[in-house]
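> Chains as they are written, first to last, in my numbering: chain B, 1 to 330; chain H, 1001 to 1208.
Everything labelled a hint here was simulated from the structure, so no lab data went into it. Certain hints may be false.
Here are the simulated BS3-like cross-link-like pairs (lysine-lysine), alpha carbons at most 30 Å apart as the crow flies [said to hold, decoys possible]:
no.: 1; chain 1: B; residue 1: K177; chain 2: H; residue 2: K1030
no.: 2; chain 1: B; residue 1: K21; chain 2: B; residue 2: K41
no.: 3; chain 1: B; residue 1: K3; chain 2: H; residue 2: K1120
Quick look at which bits of chain B chain H covers, simulated, 3 or more residues with Cβ under 8 Å [claimed, not checked]:
no.: 4; segment: 211–223
no.: 5; segment: 312–318
Derived CB-CB ranges, DEER-like [claimed, not checked]:
no.: 6; chain 1: B; residue 1: H322; chain 2: H; residue 2: K1167; range: 34 to 44 Å
no.: 7; chain 1: B; residue 1: F4; chain 2: H; residue 2: M1068; range: 46 to 56 Å
no.: 8; chain 1: B; residue 1: D10; chain 2: H; residue 2: K1061; range: 23 to 33 Å
no.: 9; chain 1: B; residue 1: E170; chain 2: H; residue 2: P1093; range: 19 to 29 Å
no.: 10; chain 1: H; residue 1: K1055; chain 2: B; residue 2: N28; range: 30 to 40 Å
no.: 11; chain 1: H; residue 1: M1068; chain 2: B; residue 2: S24; range: 45 to 55 Å
no.: 12; chain 1: H; residue 1: S1150; chain 2: B; residue 2: N28; range: 53 to 63 Å
no.: 13; chain 1: H; residue 1: K1061; chain 2: B; residue 2: D203; range: 45 to 55 Å
no.: 14; chain 1: B; residue 1: E224; chain 2: H; residue 2: S1002; range: 49 to 59 Å
no.: 15; chain 1: B; residue 1: D203; chain 2: H; residue 2: K1203; range: 33 to 43 Å
no.: 16; chain 1: H; residue 1: D1122; chain 2: B; residue 2: H322; range: 43 to 53 Å
Where is the CB? At the ideal position from N, CA and C, for every residue including glycine.
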Amino acid sequence: MKKFINNNDDFLKESLTGFGKAHSDIINVNLDPSFVSRKNKTKDGKVSLISGGGSGHEPMHGGFVGHGMLDAACPGFVFSAPTPDQMQAAAEHVDSGAGVLFIVKNYSGDIMNFQMGAEMYSGKNDSIVTNDDVAVEDSTFTTGRRGVAATVLVEKIVGSLAEHGGSLEECKKLGEKVNKNAGTMGVAFTSCTVPAAGKPTFDIGDDEMEFGVGIHGEPGRKREKIQPSKTIVGNILEAILDNLKPEKNEKNLLFVNGMGGTPLTELYLVYEDACQILQTKGVQVTKSLVGNYCTSLEMQGASITLLKCDDEILKHWDSPVHTAAMRWGM
Amino acid sequence: MSVSFLISQAKGVQKVIDENSAEIEVLDQKIGDGDHIFNIQRGLKLVVELEDSIKDLPLAKALNMIAMKVLSGIGGSSGALFGTFFMTMAKSPDLDKDVDFNKACEMIISGIKAMKERGKADVGEKTMMDVLIPVSEKLNELKNESEFKSGLNEVIKIAEERMLSTKDMLATKGRASFLGERAKGHIDPGARSSQLIIDTICKSVINN
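With the rest of the complex left out, here is chain H:
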């Protein structure tokens, strides 16, 4: 993981999220309040716009600037959760040089753990954590493997399965939790956007 990797991933994710924005917006209007896609799009735009100010910075500083931008520029649940994610990644020790796969996995795992604590949500509650927690568990298995690229295909699969599994869940956290039975039958918009982010990044790593 390097600063240029972060920038190129942000651009890739931005493209995919924009292509799927209508679907996420509709999901959120069904069971939320319709702000999720705009928050995600605004956050990605802000991060992509940081390129010139972070491209020559050490990784820790760049992650910290991304964290502050996400935290202060997005709002809503997404801003707090993704801000927490990047802030935790930035606090990892020994970030003075670029990090290898194993270390990147550890950083992502600790970031997702901090999100779980911040949102007080676990698997099965119809939120983005339904995708992120199983992905983090899989990364924990993969992190020491030298042939990790095939493992990333499994990450992609897990993310998709878990995203789809939110469809029949009752929500117990987040905005959809106020709906009770009426939230059933709709995929959680946060789970969908998280799955798209993971899908995009994993495919990019596999292909490079």
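In isolation and in its complexed conformation, chain B is listed as follows:
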């Protein structure tokens, strides 16, 4: 394992402390229990959005705390759900009286810990669960699909509605719509290495890729020989379009997300391939996002997300945001 690390026990604490110092104009980092919150207090009457999950996906979620997005984020240990006392403390810290909406990715540990946090918090609160990964089956007999990169889009778009005075119910409704309108699928060329494990999560040949990989290095649909980018991107888009079935005149946001170890040059190449393929299929791309937003430590690979946008979604996508990892319009 080659990582910038002093000792495993302090890994997360040291990283969070550095994050707090680097972005002290936007956020505060609280340790024990750990949560990231906005520098400025939530204004009265604004619904507070709180997300969280295992660490190792940075900038998700701490990098999305700030104006127009989250009010707080609760980081767990690497790839492990945060604990209920973190959610309770974050909610008590940020709630201005309008209630708290928890944004949770669909994993058993996250669901259980957020549920317990919500039970322990005495104020008004509700939750939405993201499950945009089309790589795995959505069936009533399973935990369902995994929540991955579209969580970023949900946080941005609902964050804007909350900033514009949306109620808890309205925020939840919009979040569920964005999640339902989004589909994601990822591919990995290399594994990630969890610091505590000290070795790669999975073995993969130099000429192989994991098609449909999860953001913790979980296996996806199949292991294949690596192919030209156009073929990979075409296969990913086919899976997403099968699932989302966008209408010809519908507007879409195309989001190419890096897993942490793939350079931006390649991510833009993927974006170009995706644009060309979508054009031949008559799918309109009107908004874009390219970069490392929902990562899997140092994994090489990328995911593609397509989000079908109506006017409400477009308006809240374009509105100003100022966080450590996403900033425009202000």
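With chain B's structure known, arrange chain H on it following the hints.
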């Protein structure tokens, strides 16, 4: 069951889990995301470290402190589930003095029931509940018997059989459920760690 019993069991379980950590880690990397063993080890370390602060406390208070430590110190599914287990045990009535076998069984049974509700998982879904639910059912049969030590050998056997039975299951709950057919052929890491915990505690009770 007494506070000193809890502390000595935590130490015994910690030793056995550490000895088997490589196997559990590999199982989790095959069908999960590799965090289970670290969560279990971190939780056991935190509980063992509580010794000085809980050794003179009444059982209910000690269980409550263990519950809070597990809930806030572990994370992941294991933290929520084992935190729920200890929290439910701590809520049992009449814990002002040490409890007998019958009462200890009732506490464990209610703890496992609460875990089942929290995780919404039942037998046959390739999780730790595949081991814990049958064990809880067996304890329910055993709890009123005076000769319970021989019965604990059956608990050990049931835990092992049920742990092994997860190998050929399709997962429908937990991280492995996303894998479909690809999860088959691997024992569930949570079932393995739970079985090791039960094995260690039962053997210790039988031998003392």
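> Under the constraints set out in the numbered hints, which ones does this structure not fulfil?
1, 3, 5, 6, 7, 9, 11
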